[in-house]
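K.L.:
The residues making up each chain are set out below.
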Amino acid sequence: MKFKHLKYLCLPLVMLLSQLANAETLEFEMTIDEMTVDVAPGFKNKVWAFNGQVPGPLIRAKEGDRLKVKVINNSTLAHTVHWHGTLQTNSWKMDGVPNVTQKAIEPGESFVYDFVVDRPGSLWYHCHVNVPEHVGLRGMWGPMIIDPKEPEEIEKEVTKEAIMMFSGWNSEVAMEYGKGGHPAEKSDYFSINGKSFPITQPLRVKEGDVVRIRLYAASSEVAYHLHGHDVLVTHKDGLPLESPYWSDVVHVPMGGRIDIIARMDNPGIWINHDHIEHHTSNAGKMPGGAVTIIEYEGVETEDWYSWKDKEYQPDFYMSETMKKGSGLHNIDLFKGKAPESDRSARKKKRKKKSKAH
Amino acid sequence: MKFKHLKYLCLPLVMLLSQLANAETLEFEMTIDEMTVDVAPGFKNKVWAFNGQVPGPLIRAKEGDRLKVKVINNSTLAHTVHWHGTLQTNSWKMDGVPNVTQKAIEPGESFVYDFVVDRPGSLWYHCHVNVPEHVGLRGMWGPMIIDPKEPEEIEKEVTKEAIMMFSGWNSEVAMEYGKGGHPAEKSDYFSINGKSFPITQPLRVKEGDVVRIRLYAASSEVAYHLHGHDVLVTHKDGLPLESPYWSDVVHVPMGGRIDIIARMDNPGIWINHDHIEHHTSNAGKMPGGAVTIIEYEGVETEDWYSWKDKEYQPDFYMSETMKKGSGLHNIDLFKGKAPESDRSARKKKRKKKSKAH
Amino acid sequence: MKFKHLKYLCLPLVMLLSQLANAETLEFEMTIDEMTVDVAPGFKNKVWAFNGQVPGPLIRAKEGDRLKVKVINNSTLAHTVHWHGTLQTNSWKMDGVPNVTQKAIEPGESFVYDFVVDRPGSLWYHCHVNVPEHVGLRGMWGPMIIDPKEPEEIEKEVTKEAIMMFSGWNSEVAMEYGKGGHPAEKSDYFSINGKSFPITQPLRVKEGDVVRIRLYAASSEVAYHLHGHDVLVTHKDGLPLESPYWSDVVHVPMGGRIDIIARMDNPGIWINHDHIEHHTSNAGKMPGGAVTIIEYEGVETEDWYSWKDKEYQPDFYMSETMKKGSGLHNIDLFKGKAPESDRSARKKKRKKKSKAH
Numbered sequence: 001m002k003f004k005h006l007k008y009l010c011l012p013l014v015m016l017l018s019q020l021a022n023a024e025t026l027e028f029e030m031t032i033d034e035m036t037v038d039v040a041p042g043f044k045n046k047v048w049a050f051n052g053q054v055p056g057p058l059i060r061a062k063e064g065d066r067l068k069v070k071v072i073n074n075s076t077l078a079h080t081v082h083w084h085g086t087l088q089t090n091s092w093k094m095d096g097v098p099n100v101t102q103k104a105i106e107p108g109e110s111f112v113y114d115f116v117v118d119r120p121g122s123l124w125y126h127c128h129v130n131v132p133e134h135v136g137l138r139g140m141w142g143p144m145i146i147d148p149k150e151p152e153e154i155e156k157e158v159t160k161e162a163i164m165m166f167s168g169w170n171s172e173v174a175m176e177y178g179k180g181g182h183p184a185e186k187s188d189y190f191s192i193n194g195k196s197f198p199i200t201q202p203l204r205v206k207e208g209d210v211v212r213i214r215l216y217a218a219s220s221e222v223a224y225h226l227h228g229h230d231v232l233v234t235h236k237d238g239l240p241l242e243s244p245y246w247s248d249v250v251h252v253p254m255g256g257r258i259d260i261i262a263r264m265d266n267p268g269i270w271i272n273h274d275h276i277e278h279h280t281s282n283a284g285k286m287p288g289g290a291v292t293i294i295e296y297e298g299v300e301t302e303d304w305y306s307w308k309d310k311e312y313q314p315d316f317y318m319s320e321t322m323k324k325g326s327g328l329h330n331i332d333l334f335k336g337k338a339p340e341s342d343r344s345a346r347k348k349k350r351k352k353k354s355k356a357h
Numbered sequence: 001m002k003f004k005h006l007k008y009l010c011l012p013l014v015m016l017l018s019q020l021a022n023a024e025t026l027e028f029e030m031t032i033d034e035m036t037v038d039v040a041p042g043f044k045n046k047v048w049a050f051n052g053q054v055p056g057p058l059i060r061a062k063e064g065d066r067l068k069v070k071v072i073n074n075s076t077l078a079h080t081v082h083w084h085g086t087l088q089t090n091s092w093k094m095d096g097v098p099n100v101t102q103k104a105i106e107p108g109e110s111f112v113y114d115f116v117v118d119r120p121g122s123l124w125y126h127c128h129v130n131v132p133e134h135v136g137l138r139g140m141w142g143p144m145i146i147d148p149k150e151p152e153e154i155e156k157e158v159t160k161e162a163i164m165m166f167s168g169w170n171s172e173v174a175m176e177y178g179k180g181g182h183p184a185e186k187s188d189y190f191s192i193n194g195k196s197f198p199i200t201q202p203l204r205v206k207e208g209d210v211v212r213i214r215l216y217a218a219s220s221e222v223a224y225h226l227h228g229h230d231v232l233v234t235h236k237d238g239l240p241l242e243s244p245y246w247s248d249v250v251h252v253p254m255g256g257r258i259d260i261i262a263r264m265d266n267p268g269i270w271i272n273h274d275h276i277e278h279h280t281s282n283a284g285k286m287p288g289g290a291v292t293i294i295e296y297e298g299v300e301t302e303d304w305y306s307w308k309d310k311e312y313q314p315d316f317y318m319s320e321t322m323k324k325g326s327g328l329h330n331i332d333l334f335k336g337k338a339p340e341s342d343r344s345a346r347k348k349k350r351k352k353k354s355k356a357h
Numbered sequence: 001m002k003f004k005h006l007k008y009l010c011l012p013l014v015m016l017l018s019q020l021a022n023a024e025t026l027e028f029e030m031t032i033d034e035m036t037v038d039v040a041p042g043f044k045n046k047v048w049a050f051n052g053q054v055p056g057p058l059i060r061a062k063e064g065d066r067l068k069v070k071v072i073n074n075s076t077l078a079h080t081v082h083w084h085g086t087l088q089t090n091s092w093k094m095d096g097v098p099n100v101t102q103k104a105i106e107p108g109e110s111f112v113y114d115f116v117v118d119r120p121g122s123l124w125y126h127c128h129v130n131v132p133e134h135v136g137l138r139g140m141w142g143p144m145i146i147d148p149k150e151p152e153e154i155e156k157e158v159t160k161e162a163i164m165m166f167s168g169w170n171s172e173v174a175m176e177y178g179k180g181g182h183p184a185e186k187s188d189y190f191s192i193n194g195k196s197f198p199i200t201q202p203l204r205v206k207e208g209d210v211v212r213i214r215l216y217a218a219s220s221e222v223a224y225h226l227h228g229h230d231v232l233v234t235h236k237d238g239l240p241l242e243s244p245y246w247s248d249v250v251h252v253p254m255g256g257r258i259d260i261i262a263r264m265d266n267p268g269i270w271i272n273h274d275h276i277e278h279h280t281s282n283a284g285k286m287p288g289g290a291v292t293i294i295e296y297e298g299v300e301t302e303d304w305y306s307w308k309d310k311e312y313q314p315d316f317y318m319s320e321t322m323k324k325g326s327g328l329h330n331i332d333l334f335k336g337k338a339p340e341s342d343r344s345a346r347k348k349k350r351k352k353k354s355k356a357h
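Protein chains in written order, with this note's numbering: chain R, 1 to 357; chain C, 1 to 357; chain H, 1 to 357.
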């Protein structure tokens, strides 16, 4: 047994070194808001959304940077934030576990998480209070990408990055906070970055691109299948594999992340999706679910193509945002609607109705 | 990070080379028929069967060969065929995804899939229309084995091949086309090559055999366990692992394939099965499910042995068919019954009944 | 493809050699008893318990030792014992599969399993009769650790061992023998070593410890997540990986075992748990489920810490027992209550009641 990556058994030393280098301190605020999001055509879900978004804003930093994130709870229930993947070296009280590392952040209160991002990769953050509901069904998760001090050769070849966070939803409890998450329940909607096909978005590439997709099993297990390309599995939970392997169905266990790299050498229109069969439907109706399409630039499609007249939103896989470097990046696309707007909408409706009578 | 298998990042080149070599063109016809199959004792299921079979016929070819398969839809609903694992280099319109790469094949119509099998391994084909029902519950899948130009050393040692396709079934909707596949439903029968124990078959070997088993998670997740032998996991989704590993429980995510190789060095009678507990029952009654037995030649069994008087059908794991080389190979064993024969059977029954009155 | 571990393809030879060395014969008795165990606060389950315990007693031996285990069935239904991971070289009739390798052990009867432990690692034993109920819901499993002749370098560094066996439970059928295990049922309790949080125990470590945790998916699939540390995945099903890998969510398929090694270099209080969301609840109520906490020696906790006044039972992860070397080791902690004591308790209760009237 060889231990090339033995360095990870001595992380504190690595950290020390990285802190001597040009580490930065990044300070952010992040709210938790009660919002309603459109997950699929005709299906809405009440969420507790980080900065009003599902997924939450992209946080990006460099290995060794210090993050100070003030989390402000504008919701009606208690929450915390766990920074999944960060080791919290010398900062265990920043780990975000209620009644273990901190008291939960009560409604109206805030908490400042202050820690060094001590290891690189595809990390994420999520609530650690009542996880089966808050994470499982209410969208309390977002990506955190920590760039390594020493990227692998293969990482340097990447020309386009994509983030895909997979999750499940349960329409029976979707609109009732405080309900849902019992083991006997079954999710009936499945999504990538909070949306189910057909309201996901294409990932547009050009021939020659080397695409890195960071797959997150945020709240549903995933068996990811990309048509037209084998993918190289390069990172497990953000850490490079000593022995990467080729695959066409990539399993991501709940909470895990897998990075894959694929060369865009085969122009066409290629579906890619969770291969767990019922994850490709909306409440049992196909097409739907955790499905998207890679579209090569310049490929002609026919009139019957599902997304022929698709209104394209280029940042759905955060590819644009990933170009911006360090920071906390809000992504308007993922913004839900505040219940107030819901309520006022309903009021208007009622008024209209009463007028009609 | 080493990239020994970097060749897969330059597949088009590999393809070009392989096409210069002795590539063949193989032409086949394949129908889609409405059939009824016996899955377990007392349990029948209506399927859309490729050439009337579940699994569909074995398709075998050499890396670089060109396949032309005319698919004729004799059923009452629309279908397509996705060639899972084939990259469809320069032929994305042959990828078999409805409303993405083609219009679905309507009842009574046909479609010619014409493509080069551009990468080797344990591939498969399946419908891509309404997958939770068509693939999940109606048997629309079959194996496609593409022999590599350059097999690995370990592959050359193999003396016996076996194909095991795992799937789930739902007795509540078994006999009603157009029903089933909702996420809240649970499969209650589990099978290997379309049959549940005890109507599966033994895999007979002799001491010294080196057996390669190609595990397919066609429509149920698998945790395969072979008693009496550790198995070497050599291929993931048909592609060789740079670093194979030993295992006694092999996970195959939905849609994935794992090849294992095991030396038959331990004479005995060895059960092997999906270790997901309820996958070893028929509607909750054990023994049943995705279970079979490896029987060594010359081992004496007792009178109480479950399969003491088993009627042996030697090609159940396609070992015989795998000896035949390239082609589309029908396997009578997997043939269902046409509904006509069902109907005429019912008619006869009714007649008998009326006579009795 | 390199085959460094090719030795496993020639196990009989290895065995022969090991038997020439200082192999021992270990003889034990093990009963199967009808017991009731406390799984979670307010939730009891009737089990068939090996030596009255769930998990069953720890069996430990050296590679090449001979085991003779007399299993005495004191329960009201038939059982067998399968020694999962042992290859049973030249002893297939000791494999413990009813109607395949033996007739099941009837109530009141016994059977002597006699075999050489022919390969090392994290093995286990479990009943092979009606597995969905007996293993899935009635606690018929225990750990068997076989020490290798030639441990890997990394194994020698370990200062503390822990065994975590994960399982699910179904409260609807918990108290009725002969019920449960149908595929449509869902477990609603989840546990480590038979207990759900908060009645699991801390794993106490000190800085500098190198901890090896042997994860067992005894009767529930696991996605294990340790906070504060990346873990090195070193063994799959007890066998060393040629290419270990780092991870923060470790998937263990049903029936599988994964060994992880982590350096305790980050003092704090660290939750660790199954990341499948509903596995962290008791009947849907969080906190609960397959959750425990690693506590570093000397770290101060606050008054609100969940386990502030926890009554500590040091051998819950079998760390103490693992120090004892070869043998069959009963662990009182895991002992259930005999139904007699239940019955007499109920009688007393009734008496009290009638007195009260």
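Since the hints were derived computationally from the structure, they do not count as laboratory data. None of the values given here were measured: they were computed from a predicted structure. Take the hints with a grain of salt, since some may be wrong.
Repeated chains share a single entry, so a pair holds when one copy, or any two copies, can fit it.
Stated by the list, open to error - Capping the alpha-carbon separation at 30 Å, the derived lysine-lysine pairs in DSS-like fashion look like this:
| # | residue 1 | residue 2 |
| --- | --- | --- |
| 1 | Lys337 | Lys285 |
| 2 | Lys93 | Lys285 |
| 3 | Lys285 | Lys186 |
| 4 | Lys156 | Lys285 |
| 5 | Lys337 | Lys44 |
K.L.:
Each hint needs a verdict: does it hold in this structure or not?
P.N.:
Consistency of the hints with the structure:
1. Both within a single protomer and between protomers do lysine 337 and lysine 285 lie at most 30 Å apart by alpha-carbon distance, with minima of 26 Å and 29 Å respectively.
2. Taking the shortest Cα distances, lysine 93 and lysine 285 sit within 30 Å of each other only across copies (24 Å), while inside one copy they are farther apart (45 Å).
3. In this homomeric assembly, lysine 285 and lysine 186 come within 30 Å of each other (Cα to Cα) both inside a single copy, at 15 Å, and across copies, at 16 Å.
4. With identical chains, the CA atoms of lysine 156 and lysine 285 are never at most 30 Å apart, being 41 Å at best within one copy and 45 Å at best between copies.
5. In the homo-oligomer, the alpha carbons of lysine 337 and lysine 44 lie at most 30 Å apart inside one protomer (10 Å), although the nearest pairing across protomers, at 45 Å, exceeds that limit.
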